[in-house]
Amino acid sequence: MTKETIYRDILLEHARHPKNSGRLENPGLSASVHNPLCGDELELSLALSGKLIQDCRTMVRGCFICQASASIMSEMIIKKTLQEAIITGRLFDESLRKDNEDVPEIVEPLRPFLALKKHRSRIKCMKLAWDALEECANQDKNLNHT
Amino acid sequence: MPNHPLISQARKDFPILKREVNGYPLAYLDNAATTQKPKSVIDAIANFYENNNSNVSRGVYTLAEEATEIYESGREAVANFIGAEDSGTIIFTSGTTESINLVASAWVQKNLKKGDRIILTEMEHHSNIVPWQLAAQSYGIELVYWPVNPEGRLDLALLEELLTNSVKLLAFTMVSNVLGSINPVGKITEIAHSHGVPVLVDSAQAVSRMSIEVSEWDCDFLAFSGHKVYGPTGIGVLYAKKERLEEMLPFQGGGGMIRHVEKQSSTWAIPPQKFEAGTPPFAQVPGLKAALEYVEQYGIKEIERHDHELTEHALNQITEFPDLELYGPSEIQNRTGVVSFNLQNVHSHDVAQVLDESGIALRAGHHCTQVLHERLGVPATVRMSFGIYNDSSEIDRMFSALDRAREIFLH
Numbered sequence: 000m001t002k003e004t005i006y007r008d009i010l011l012e013h014a015r016h017p018k019n020s021g022r023l024e025n026p027g028l029s030a031s032v033h034n035p036l037c038g039d040e041l042e043l044s045l046a047l048s049g050k051l052i053q054d055c056r057t058m059v060r061g062c063f064i065c066q067a068s069a070s071i072m073s074e075m076i077i078k079k080t081l082q083e084a085i086i087t088g089r090l091f092d093e094s095l096r097k098d099n100e101d102v103p104e105i106v107e108p109l110r111p112f113l114a115l116k117k118h119r120s121r122i123k124c125m126k127l128a129w130d131a132l133e134e135c136a137n138q139d140k141n142l143n144h145t
Numbered sequence: 000m001p002n003h004p005l006i007s008q009a010r011k012d013f014p015i016l017k018r019e020v021n022g023y024p025l026a027y028l029d030n031a032a033t034t035q036k037p038k039s040v041i042d043a044i045a046n047f048y049e050n051n052n053s054n055v056s057r058g059v060y061t062l063a064e065e066a067t068e069i070y071e072s073g074r075e076a077v078a079n080f081i082g083a084e085d086s087g088t089i090i091f092t093s094g095t096t097e098s099i100n101l102v103a104s105a106w107v108q109k110n111l112k113k114g115d116r117i118i119l120t121e122m123e124h125h126s127n128i129v130p131w132q133l134a135a136q137s138y139g140i141e142l143v144y145w146p147v148n149p150e151g152r153l154d155l156a157l158l159e160e161l162l163t164n165s166v167k168l169l170a171f172t173m174v175s176n177v178l179g180s181i182n183p184v185g186k187i188t189e190i191a192h193s194h195g196v197p198v199l200v201d202s203a204q205a206v207s208r209m210s211i212e213v214s215e216w217d218c219d220f221l222a223f224s225g226h227k228v229y230g231p232t233g234i235g236v237l238y239a240k241k242e243r244l245e246e247m248l249p250f251q252g253g254g255g256m257i258r259h260v261e262k263q264s265s266t267w268a269i270p271p272q273k274f275e276a277g278t279p280p281f282a283q284v285p286g287l288k289a290a291l292e293y294v295e296q297y298g299i300k301e302i303e304r305h306d307h308e309l310t311e312h313a314l315n316q317i318t319e320f321p322d323l324e325l326y327g328p329s330e331i332q333n334r335t336g337v338v339s340f341n342l343q344n345v346h347s348h349d350v351a352q353v354l355d356e357s358g359i360a361l362r363a364g365h366h367c368t369q370v371l372h373e374r375l376g377v378p379a380t381v382r383m384s385f386g387i388y389n390d391s392s393e394i395d396r397m398f399s400a401l402d403r404a405r406e407i408f409l410h
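Chains as they are written, first to last, in numbering that gives the first Met the number 0: chain S, 0 to 145; chain H, 0 to 410.
Simulated from the structure, these hints should not be mistaken for lab results. Yeah, the Cβ is synthetic: ideal placement off N, Cα and C, and Gly gets one too. Hints may contain errors.
On the chain S side, residues computed to face chain H include the following (Cβ under 8 Å) [unchecked claim]:
id, residue
1, Ile5
2, Leu36
3, Cys37
4, Arg60
5, Cys62
6, Phe63
7, Cys124
8, Glu133
9, Ala136
10, Asn137
Whole structure, please, built from the sequences with the hints as guidance.
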């Protein structure tokens with residue numbers, strides 16, 4: 000039987016016309032990450048006001064899934080605190096591990112990525128943007144503890 | 000295009016090719032990553048476990064004698080297959096990677112010193128780069144790269160310039176796992192030897208596609224993996240010329256590689272056992288032997304011709320599409336059935352994913368050649384690579400299925 004395509008229209012739309020694409024000048028935090036599987040690269044820059052993410056940009060050299068994920072994430076994390084944003088990503092990690100199609104309301108925009116449950120090798124592509132966010136949070140933690 | 004009549008029968012020998020993927024017959028075009036296994040190989044391994052299983056070179060009982068004889072006859076079969084005069088020059092390893100690591104450790108440690116150089120090429124797989132980097136860091140050795148020209152080939156004239164007095168080894172692949180280019184091993188070895196430099200040949204991609212002649216070429220080391228020549232995983236081969244074997248320290252310590260062990264020191268078994276510490280892959284050996292017999296049954300020359308025809312068919316098609324960029328030689332001469340390309344403005348992973356929806360299995364990514372991809376100026380490519388069971392209709396299916404990728408991503 001043909002597996003369901005992972006290329007949902009909504010993802011294609013984001014990949015073709017990515018939101019918050021580019022790089023912030025003088026970002027509060029920024030991180031570059033790469034996927035060793037395919038060599039894809041992603042740079043995330045965040046403008047913070049206190050703990051709140053005021054703005055963000057992503058520079059992506061990667062596949063459609065990676066680009067779509069960066070675009071959707073950028074829309075989801077603006078006006079959240081860094082901690083809330085991180086929790087959002089981790090909540091969806093849990094959804095990807097579950098047998099059912101339920102997702103918490105807060106991660107509803109990520110629902111189209113549930114199709115990756117049947118294409119687990121591509122989860123890394125989707126995760127790259129969220130990995131960059133985790134990396135920013137690690138930097139933030141180090142800054143505030145040293 | 001007519002396919003070779005004998006080879007067209009080969010498809011029936013591989014049980015996995017009966018299966019469907021996503022509602023389509025499996026078109027397996029990822030033979031550079033691993034090859035499928037014919038029934039005779041699967042049976043040989045099962046037969047060993049069912050009838051002969053016991054550890055080798057240790058016991059005196061009947062099973063142990065049988066297992067040892069099977070193991071050593073595998074060594075003979077490998078020696079014959081690659082044109083080695085003496086089976087004592089064949090070391091069983093876990094694969095090409097371990098074979099190269101063995102030389103980068105056991106030979107380098109004894110024979111190279113700070114300031115010495117090793118030449119590699121820009122088209123090497125990570126398994127023929129990273130072991131040398133580890134050795135370089137340990138012993139203060141410098142790595143020098145023989146560049147790939149815009150045609151995706153190595154320029155022999157450049158090699159002469161690179162072969163300075165401090166060069167102590169040249170390690171290169173016989174066939175690029177991305178470009179498909181064939182490097183002339185005999186000629187390259189002759190040039191290196193004229194400067195007193197030994198050579199290591201990575202024949203992982205070549206072994207299933209063309210004949211290997213270590214004695215004729217006079218190469219010093221040659222490595223390959225069983226699973227890339229229709230054999231099992233977990234077994235590989237390192238051929239080392241007798242003089243080189245004498246120059247090598249043990250690689251790993253353990254049972255089987257010793258002559259005598261005392262509390263503070265030990266003496267070593269003679270090669271090749273000196274380099275086979277621990278329980279070797281003895282159940283894989285009959286599998287590998289069956290694989291080599293399988294290849295010989297069709298004849299490596301016939302397989303080479305078949306591969307050549309498929310490659311020509313693929314190259315002819317690729318040039319018809321202006322949105323496909325080919326990496327590697329567009330000329331068929333000295334080129335084999337590894338064909339890499341990109342569909343303009345679409346990431347290789349997305350292409351491979353869409354092709355999978357049509358039952359086509361091929362590889363996307365950097366194929367463990369990031370140095371080469373840096374040279375090519377792209378992070379990743381789509382790669383189709385052919386085996387004995389492929390036919391031109393599968394290549395046609397691949398090109399047709401690319402339309403679906405165009406439809407999804409470019410419209």
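Q: Verify the interface restraint on arginine 60 of chain S: the C-beta must sit less than 8 Å from at least one C-beta of chain H.
A: holds (6 Å)
Q. Taking the least C-beta to C-beta distance, is leucine 36 of chain S closer than 8 Å to chain H?
A. Hint holds; leucine 36 of chain S Cβ to chain H Cβ min 6 Å, cut 8 Å.
(Q) phenylalanine 63 of chain S was flagged as interface toward chain H. Is the shortest Cβ-Cβ separation under 8 Å? (A) Check passed: Cβ of phenylalanine 63 of chain S comes within 5 Å of chain H, closer than 8 Å.
Q.
Can you verify the interface hint for isoleucine 5 of chain S: is its Cβ closer than 8 Å to any Cβ in chain H?
A. holds (7 Å)
Q.
Restraint: cysteine 124 of chain S near chain H, CB-CB cut 8 Å. Satisfied or not?
A. With a minimum Cβ separation of about 7 Å from chain H (threshold 8 Å), the hint on cysteine 124 of chain S holds.
Q) Given alanine 136 of chain S as an interface hint, is the shortest Cβ-Cβ distance to chain H below 8 Å? A) This hint is violated: alanine 136 of chain S lies away from chain H, its Cβ roughly 26 Å from the closest one there, beyond 8 Å.
**Q.** Status of the asparagine 137 of chain S interface restraint (C-beta, 8 Å, chain H)
**A.** For asparagine 137 of chain S, the interface hint is violated, since the closest Cβ of chain H sits about 25 Å away, which is over 8 Å.
Q | Restraint check, 8 Å cut-off on beta carbons, for glutamate 133 of chain S near chain H | A | violated (22 Å)
(Q) Given a cut of 8 Å on the nearest C-beta pair, is the interface hint for cysteine 62 of chain S held or broken against chain H? (A) The hint holds - cysteine 62 of chain S has a Cβ within 8 Å of chain H, the shortest such distance being about 4 Å.
Q.
Quick check on cysteine 37 of chain S please, does its C-beta sit within 8 Å of some C-beta on chain H?
A. holds (5 Å)
Checked against the numbered hints above, the structure breaks hints 8, 9, 10 and satisfies the rest.
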